[in-house]
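A.B. asks: Using the sequences and the hints given, assemble the complete structure.
The residues making up each chain are set out below.
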Amino acid sequence: MKLKALLAAATAAAALTAGAAAAEQVKIGIAAEPYPPFASLDSSGNWVGWEVEVIGAVCAAAALDCVVTPVAWDGIIPSLTGQQIDAIMASMSITEERMKTIDFSDPYYNTPAVIVADKSMDIEPTPESLAGKIVGIQASTIHQAYAQEYFKDAELKVYQTQDEANQDLFAGRIDATQADSIAMADFVNSDTGSCCEIKGAVADDPAILGKGVGAGVRKGDDALREALNKGIAAILADGTHEKITAKYFTTSIY
Amino acid sequence: MISLKELMQPHRIVMMLVFAGIVIWCAFALRWDWIPKYTPLALEGLWTTIWILVVSTFLGFLLAVPLGLAQAVGPWYLSIPARTFCTIIRGTPLLLQIWLLYYGLGSLFPQFPWIRSSELWPYLRQAWPYAVLALTLSYAGYEGEVMRGAFSGVAKGQLEAAKSFGMPRFTMFRRIWLPQAVRNVLPTLGGETILQLKATPLVATITVMEIYAVSSRVRSDTFIVYEPLLLLALVYMAIAGVIALAFRRFEKG
Amino acid sequence: MTGLLELLGLGASAELLSLSGWGGNLLRGLANSLQIAFGAFGLGLVIGLFGAYGKLYGGKVTRDLLAIYTTVIRAVPELVLILILYYVGSDIINKISEAMGGGRVEINGVAAGIWVLGIVQGAYATEVLRGAIKAVPVGQIEAAKSYGMPAFLTMRRVTIPAMMSFAVPGLANLWLIATKDTALLAVVGFNELTLETRQAASSTRAYFTFFLAAGFLYLMVTLCSGAVFARVEKWARRGQPSLKGGAR
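Sequence order for the protein chains is A, B and C. In terms of my numbering, the numbers along the first sequence are unbroken and rise by one, the last being 387. In terms of my numbering, the numbers along the second sequence are unbroken and rise by one, the last being 278. In terms of my numbering, the numbers along the third sequence are unbroken and rise by one, the last being 247.
Hints in this document: simulated from the structure, not taken from any laboratory. It should be emphasised that the depicted structure is a prediction, and the values quoted were computed from it without experimental measurement. Note that beta-carbon positions come from the ideal geometry of N, C-alpha and C, so glycine has one too. Please note that the accuracy of each hint is not assured.
Reference listing, derived: stretches of chain C covered by chain B, where coverage requires no fewer than 3 residues with Cβ under 8 angstroms from a Cβ of chain B [claimed, not checked]:
{"id": "1", "stretch": "65-76"}
{"id": "2", "stretch": "186-198"}
{"id": "3", "stretch": "208-214"}
C.D. replies: Right under this line is the structure:
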């Protein structure tokens with residue numbers, strides 16, 4: 134019994150020190166909860182999706198040794214500031230609120246926010262139309278911030294993942310959800326999403342919805358930010374970005 | 026309880042001073058400016074936590090009595106299901122049980138369109154009934170096992186005496202067996218209720234806005250990490266303290 | 000077999016759960032869960048042993064500090080503790096490492112899970128082991144002392160073997176708590192069984208199937224450990240009078 138305990142403690146200690154020796158790898162944090170079609174797990178345990186490929190391309194262009202590290206979305210910013218990861222590339226929009234805590238690279242995609250609801254429901258993406266309705270949103274997203282600001286007369290239900298909100302939309306527990314247009318286009322084309330349709334984009338508010346999706350880095354980590362900027366610029370210039378996009382989407386998302 | 030004299034030992038005074046120092050440091054060095062804005066929400070969340078705790082503990086205990094009884098003296102067709110139920114509840118994580126009930130059942134709804142027009146639908150749509158159900162079943166599973174021991178622990182002689190007086194079986198159960206079994210489990214009940222309190226934050230994962238969910242909301246709105254968590258830990262410690270004191274008083278009185 | 004499953008309308012579920020499907024992911028998650036649970040249980044035992052000795056034989060300050068540790072850990076929900084320990088823990092380790100001139104320490108998921116759950120387990124283990132050590136007849140320890148046996152040797156040769164039979168039921172319970180508490184790490188994004196299940200469920204929309212399958216895996220772990228601990232308890236009690244059917 135004691136031997137086991139010592140062994141376990143020793144492994145834990147070894148794991149700690151072994152990590153310290155690893156050199157200059159850049160840990161790119163993505164959300165551990167699937168976010169198709171940007172990042173999701175396939176059945177053999179690999180991360181796949183548009184964003185995962187973009188991460189690979191950006192890192193290659195910037196000559197960075199990147200490791201994709203899944204972290205809980207809910208705690209992804211604390212993980213960055215707490216140095217568990219070095220950059221966030223998890224479809225995180227560049228907003229002023231977030232810029233108070235972290236820095237962002239240049240954007241690498243930009244899509245509007247939309248409202249999705251049951252086909253039979255007569256819902257428009259306006260605060261008036263959603264008054265008295267139950268709206269599901271994912272925690273710690275621009276959509277949560279937006280809904281809290283504009284949909285004050287709606288009942289908001291906060292989910293840990295967009296997938297769970299979609300699931301409850303399918304189950305009929307919520308009337309509508311606000312999320313990214315591309316992710317939602319993917320959802321309404323799926324089997325479960327056939328119940329629902331995109332009702333339209335919400336009125337833009339750049340202060341809340343941000344200026345596109347960028348890579349988040351720690352404040353003051355300018356070297357990495359510059360490197361990522363260079364990588365993003367390179368894949369935009371040489372057509373890699375376009376090529377990856379064409380694999381997943383019919384329209385450009387930059 | 027610790028008397029004042031015991032508290033006034035030199036090392037304890039030093040520790041209290043250190044603690045006071047930490048509190049003062051926390052008060053000034055950390056950010057607390059978000060508190061006024063979120064107080065109403067936090068009070069609502071606190072209320073949700075408390076009522077879910079009280080309701081699920083109460084219902085769970087009511088369910089635990091027959092479960093314990095069935096396991097202790099029931100015929101096989103009652104004792105086997107009761108034992109299976111307790112084993113399953115105690116053998117799987119509560120988080121998984123909550124998700125199975127909420128998302129698992131939810132994913133089956135669309136196959137049965139009539140559910141949406143049934144009278145139960147307004148309840149099935151909300152999250153709290155699932156939270157209460159999951160926590161009730163969990164408490165019943167753990168406490169049912171304790172009640173089994175408590176029922177078997179009541180001295181046989183007393184029951185035989187009651188029988189020889191010609192006391193009807195139900196009266197015997199109500200007057201002798203149940204009160205003694207409950208008194209046997211009372212010391213463990215306080216601890217079990219604190220465990221139940223510690224299980225309540227899990228229902229935040231199915232969109233119930235209780236106190237833990239409020240702290241997550243503060244975290245995601247303001248990006249302040251430690252302060253809401255520290256305050257939250259303090260709130261739970263206060264509730265646990267109240268529960269412990271209440272049960273101690275209850276046990277004595 | 001396949002025909003039977005097809006008949007019950009479970010063909011689709013069986014395909015989803017097969018090893019080449021998502022079943023492999025679940026098993027990988029289970030392996031991670033068990034690894035973390037095992038490590039946390041071990042770390043908890045080490046903390047618990049020191050904690051129990053501190054509480055029984057330590058000075059006033061040690062005893063008070065340990066009392067604070069066990070009380071706080073046992074009053075605050077594990078989920079909250081995990082979040083605090085996870086974020087604070089890695090922050091502190093990095094600060095210390097930087098202060099000592101070292102680079103950044105990378106903490107992998109399993110190590111962080113072990114550290115977080117181990118601290119929680121340690122508080123409970125302290126109480127279990129304290130109770131067990133107290134149950135060892137004082138005369139045995141005194142006898143060892145009077146022979147001039149060093150403290151560590153006494154602990155290894157006398158106290159620990161003698162207390163085992165009292166400690167095993169409590170420790171068995173702690174092990175079960177450790178396996179189930181690993182599920183909470185899903186909330187901070189560790190790839191253990193519950194998170195793998197959640198990922199599989201949301202990718203395939205078969206929530207019910209996957210949650211049931213994961214529940215079954217956890218239940219198997221519980222039942223198997225129950226059987227193992229029953230044997231361990233029997234072994235720890237060897238040479239002691241049986242509790243069942245003893246003299247009355």
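A.B. asks: Could you run down the list of hints and mark each one as holding or not?
C.D. replies: Here's how the hints hold up against the structure:
1. 65-76: This one holds; 5 residues, not fewer than the three required, reach chain B with a Cβ under 8 angstroms.
2. 186-198: Coverage by chain B holds for the stretch 186-198 of chain C (4 residues, Cβ < 8 angstroms).
3. 208-214: This one holds; 4 residues, not fewer than the three required, reach chain B with a Cβ under 8 angstroms.
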